[in-house]
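Number of protein chains: 4
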Amino acid sequence: MTKQLNVGMIGAGFMAKAHSVAYVSMPMFFYPAPAKINKKIIVDSNELLAKEGKEKFDFELWSTDWRDVVNDSDIDIVDICVPNNLHYEIAMEAIKAKKHVFCEKPMAISSAEAIEMYEATKQYNVKTMVAYNYRKTPAVLLAKKFIEAGDIGEILDFRGTYLQDWSADPNAPLSWRFDKKISGTGVLGDIGTHVVDIIRYLVGEFDEVNAHMETYIKERPIQEFSADKLGMHIMDSSVEKRPVTVDDYCNFSIKCKNGAFGTIEATRNAWGRKNYITFEIHGTKGSIYFDYENRDKIQVCFANDPADRRGFRTIITGPDHPYGSNLWPIPALGIGYTETKIIECYEFINGIVNDKPTSPNFFDGCQIELICEAIIKSSQTSQWEKVQVLSQ
Amino acid sequence: MTKQLNVGMIGAGFMAKAHSVAYVSMPMFFYPAPAKINKKIIVDSNELLAKEGKEKFDFELWSTDWRDVVNDSDIDIVDICVPNNLHYEIAMEAIKAKKHVFCEKPMAISSAEAIEMYEATKQYNVKTMVAYNYRKTPAVLLAKKFIEAGDIGEILDFRGTYLQDWSADPNAPLSWRFDKKISGTGVLGDIGTHVVDIIRYLVGEFDEVNAHMETYIKERPIQEFSADKLGMHIMDSSVEKRPVTVDDYCNFSIKCKNGAFGTIEATRNAWGRKNYITFEIHGTKGSIYFDYENRDKIQVCFANDPADRRGFRTIITGPDHPYGSNLWPIPALGIGYTETKIIECYEFINGIVNDKPTSPNFFDGCQIELICEAIIKSSQTSQWEKVQVLSQ
Amino acid sequence: MTKQLNVGMIGAGFMAKAHSVAYVSMPMFFYPAPAKINKKIIVDSNELLAKEGKEKFDFELWSTDWRDVVNDSDIDIVDICVPNNLHYEIAMEAIKAKKHVFCEKPMAISSAEAIEMYEATKQYNVKTMVAYNYRKTPAVLLAKKFIEAGDIGEILDFRGTYLQDWSADPNAPLSWRFDKKISGTGVLGDIGTHVVDIIRYLVGEFDEVNAHMETYIKERPIQEFSADKLGMHIMDSSVEKRPVTVDDYCNFSIKCKNGAFGTIEATRNAWGRKNYITFEIHGTKGSIYFDYENRDKIQVCFANDPADRRGFRTIITGPDHPYGSNLWPIPALGIGYTETKIIECYEFINGIVNDKPTSPNFFDGCQIELICEAIIKSSQTSQWEKVQVLSQ
Amino acid sequence: MTKQLNVGMIGAGFMAKAHSVAYVSMPMFFYPAPAKINKKIIVDSNELLAKEGKEKFDFELWSTDWRDVVNDSDIDIVDICVPNNLHYEIAMEAIKAKKHVFCEKPMAISSAEAIEMYEATKQYNVKTMVAYNYRKTPAVLLAKKFIEAGDIGEILDFRGTYLQDWSADPNAPLSWRFDKKISGTGVLGDIGTHVVDIIRYLVGEFDEVNAHMETYIKERPIQEFSADKLGMHIMDSSVEKRPVTVDDYCNFSIKCKNGAFGTIEATRNAWGRKNYITFEIHGTKGSIYFDYENRDKIQVCFANDPADRRGFRTIITGPDHPYGSNLWPIPALGIGYTETKIIECYEFINGIVNDKPTSPNFFDGCQIELICEAIIKSSQTSQWEKVQVLSQ
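Residue numbers (the numbering used here), protein chains in the order written: chain A, 1 to 392; chain B, 393 to 784; chain C, 785 to 1176; chain D, 1177 to 1568.
Treat the hints loosely; a few may be bogus.
Once the Cα atoms are required to be at most 25 Å apart in a straight line, the calculated SDA-like pairs of lysine to any residue come out as [as the list claims (entries may be wrong)]:
| id | chain 1 | residue 1 | chain 2 | residue 2 |
| --- | --- | --- | --- | --- |
| 1 | B | K490 | B | E765 |
| 2 | D | K1321 | B | G743 |
| 3 | A | K144 | D | S1413 |
| 4 | A | K257 | D | Q1556 |
| 5 | D | K1320 | B | G743 |
| 6 | C | K787 | D | G1329 |
| 7 | D | K1461 | B | R701 |
| 8 | A | K218 | D | Y1392 |
Worth flagging that the hints you see were computed from the coordinates, not collected in a lab.
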């Protein structure tokens, strides 16, 4: 009989939706699923949202106090979908209560918090996943496969971007994402870290960084609603404004431990770019290019093709590629956000049930925080800064 | 309290999965949902698949006899996900039992069947939906909005394609999709009808057609497994072959009742094209281009832009576009197959609960069968053939 | 010592420029050139244009009477760059005077004229070239090479387009291109024939056609200037209008003698499309896609690539491809209109000097006229019409 | 009567061809041309090449000694198309002889040389042009126009690339481009400077840079031919190798004086990229993206478009855009390398004849050398380095 795991979801916003869809859909894609997931309880400090979340995402119970969940012995998994500043406390309590933890990114608001969280997972021996879901796009998994097989040789250099435009309007409201106390960092933690995760995954560990960070729009109107509308609700310019306390542009150079060099650029102010996660990697034997806005495809050039017919191949992921037998039977039926979350969910649950390593886990998430710390430091010193690398 | 509707699913293959994911996910996207859907029973004539389907797709019960479902007074919705030749009988019984019917496409294997099915829905006053899901892609819905608003003026001409390559290898096995008795037609019904549906939806009713159909690969190896692998399992060339009895290339010209002229091309033998559903529509005031392989985007050119800055705009669908508040909060987080099925599911359920018109319903599905009939006739007579148009 | 050929250019408009640039540049690309071309005399019935043409395009002499050129024993090549209705008379006189003829497309305004012209070339043994220059794009030449080598197998089906938008505005002036007496046909001869030429070249001879032609904009304002501005000069809507006597939309299906089936679509009213010459060809072993608006590239999918790394390869033409050693030393330095005309010029001159076959020559041009005739007939009969095929 | 200018061309390789084509074609595009150019004499130290150059590029005379040209009172323009280390001496002599100088890029092998060259032009009052031709692409000129009109607001950040792959193979021969004594720098001067030029032109003067440079392939086989085949001739791996003394990867961050921040990446080792000159510029009111491999197009997003129809517009340059009336009458007939050189040539000749400022001139070229110097210094110090900015 299929195992069942009880989930306690902390937070009832957009990410709660994404995770809930994954919990119910995953077993339909992965059969037999390592476990079925029971959506036991959802928590939001806002009672209205908690109740609505229970209905909307089909949980059995709701609460306004996350401690109810963390201390409930029925709960196997604590799923943290609240703003960044709350991750640490919840995760620490959950780990101590021996819950497996699925944590939204970034993992914490400081590397100190992250290290403590990671150390706790070792002590209490729980499984973790940090929700850097974009690396689960089948096309990215295929890039990984090609790189690991040596198909593009040794990696020489790379470029990554994550560009959006939802905050480009100065009257986009002052979401919690612009408040350092809650978010820790701005564009860096919010989206830059996704590309850091992908590049670490594909290229290797970071050694040094050299960063530039800026806050172009220095104040924004207060928003009159609590939920995070990601700037889509443009305010009247007469509304009272308060300071933005985080970066909204971030650009850094990276030296990897294996010698590869590259840059990552992140902004939410790039008019016309919506979810423009791209990477281009050049190796001694080939190149790879990916653009998430066109995510069913990956472009790969193999040096050993004959010169007259060499060029980027546009490979459309499907049954012949990673997780191909689990997803849809025809390539380009369509990979959406949902599918990336379903794969992420599968790997986490599979890790728990079959005691397999998960990735990106709290080690990876913590390492990303250490990279962010070096980035921030470099943006202040205007110098190359070493990245502290934890031993695993 | 939220209404609940009981579904009986007939068929336990790929489409059963897509529909099941939609049933559980829809209420998380559309809140409050018009109803929650209870996956009551799944049927497959193959007992193993029926049992597995129950587990995989989380139904309460399973059966090998679809009559169990149709005659169960608890069942509100009969969802038909079996090969084409079985649609008619099941749907007729379901309709007579006053069930709402969600039917995979094409709706039937002849227009005679389809007309009878449609007439029955009028008599028994049930809601129907035919699963031409691609028109539910937000980018296609946006195209519809622009066209209805007159933003591209009167439509002059158009071109549609649906190209795949899973049957291009002559050793791709003889799926039921190559057997006229089961499928009715080949590429025409299987994929061509999706584009017919989109063009009818965007451009208008068809008046005459002029078609060319061919069977390039005249026999294929018998497949030793029952499930339809869509050609991904290439057989050894020594396996016994049997005749293909349907078209595998189809190309037709269309005169619409409003004077628009265009062509549609469909094949599953176009190496490199995977799910290449495209349309390009030229109007007196602008043009629209869509490519489903890059489905978060639509390209629109408006004639009234100043000449020095006129060009196709690549609009990435998101919160500012159809169903934007229901889907994901940032454009290009990613529309996949799942999202198209969720919208389709919502519209069907909403139609049932709130007595709203659904589309494409059995009228549309039937009209598409009449178009197919004219296409087939034209491919035989090599002449323009009138399309019979039903009164609604 | 390098041979020198004297050219007499008839017409002093846009095409005279393109040809003149080619004449002076060709020997810099092809060294040693088969001959240098001496721009001896340019003719325009408009004295002002003739004089200006002499200066602008650096001819030795000018004239207002093309007979001066045709009868000048110094002239080796007569280059016909005047409107279509004048081609026949000039070419016939030139051929009879044993001049080699470079003729703008379409070759004539009827197949009767074209046949006579072709027959004359056989009788007088002169070299000819019809200026279907787009097939000289290196990417198209590479497509030809792949097809001839069998790299995409037997051709099954294809699609071609030529879409522009310069006549989409109803107030674009009544150029001679809208006057049947001068142009013979409208969009069909003006641009559709370029795609006919490319498809004939790549796929094979046409057997039957089934066509639809329309005139969307039935009258246009008279233009007050003689030169053809191709609709870029939008007139005031109060200007007197006169009827358009040719087609401005053309769409036809083709059965080739080798069994391949396809369609070609041509319009100058497709907002946003500027010079959208595309073709897509599906064969038993691969596919090719080309879009002239992005002409340095061609996309090719080879079926025999392993399934997990199969996809369209974007090949950028350069030194490893046709005429690669003559053009630029790095791919994508840039192929423009000029380069296509230079290759065309080289092949014509090389044909003359070294008695090599030229292509497309008057045989090809004549065959295209026969195809046009069948297209026009089919658009009138609404039936498939046979294409008369000349013996060479 | 049209003025005539006599050109002395120094160097008979690839660039001599490009310039020669421009000289003869320019007056056919720009009518009346400011002057006709008489190709008087061509020089190459290799007598064979000099003689061949005379024939090939249609010069009146040839020589093996550039001093013949510089001291010839008939010569108006000295056109320097030799390797970088020879620019300084030739240019200085030419300037002192009051010749106008058209110089291939980079302008010199050190900023010291470049400053002296620039100062001399002020003293002797001659016109200059440095051949950064890519900024003459009509799409780039259109970007400039939009930026100057404020259409994308204040520029916030940008990214530029110039990627090729002709040196990616370790057995690509040791061209002079890999020899510091001749070339000064490697990828930086050879191609990186083109993007520096474009960004300076579009965004503004550089203030500080932070650079990383590497030499991936540290030795290469000696080439047995003198002409520079740009790596297209792959050597046998047994051939003797000698050290590469320049960079083959270069990546730098830039702070502009106006506050804009960005990065530029250049390599000739990026498999699959051929002439991948791209830039993306984000401003407060819009964004611009350009890719030279698809150079007839530019993509622009305007923030003030309504949200539901906002997106990158793909504008295809033609008659409605810069130099539109001079080039081809229909957009996307095709801008190639030739067209960029023709515009460059026109602006230089127009500057000489009508005493107009030219751009990029020796001031710009010199400033680019100063930027390169700061880049090289930064790559050594691993720190931000100030760019010296000359007064004009």
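Now for the hints, and whether the structure bears them out:
no.	hint	verdict
1	B:K490 - B:E765	violated (28 Å)
2	D:K1321 - B:G743	violated (52 Å)
3	A:K144 - D:S1413	violated (30 Å)
4	A:K257 - D:Q1556	holds (19 Å)
5	D:K1320 - B:G743	violated (53 Å)
6	C:K787 - D:G1329	violated (58 Å)
7	D:K1461 - B:R701	holds (15 Å)
8	A:K218 - D:Y1392	violated (42 Å)
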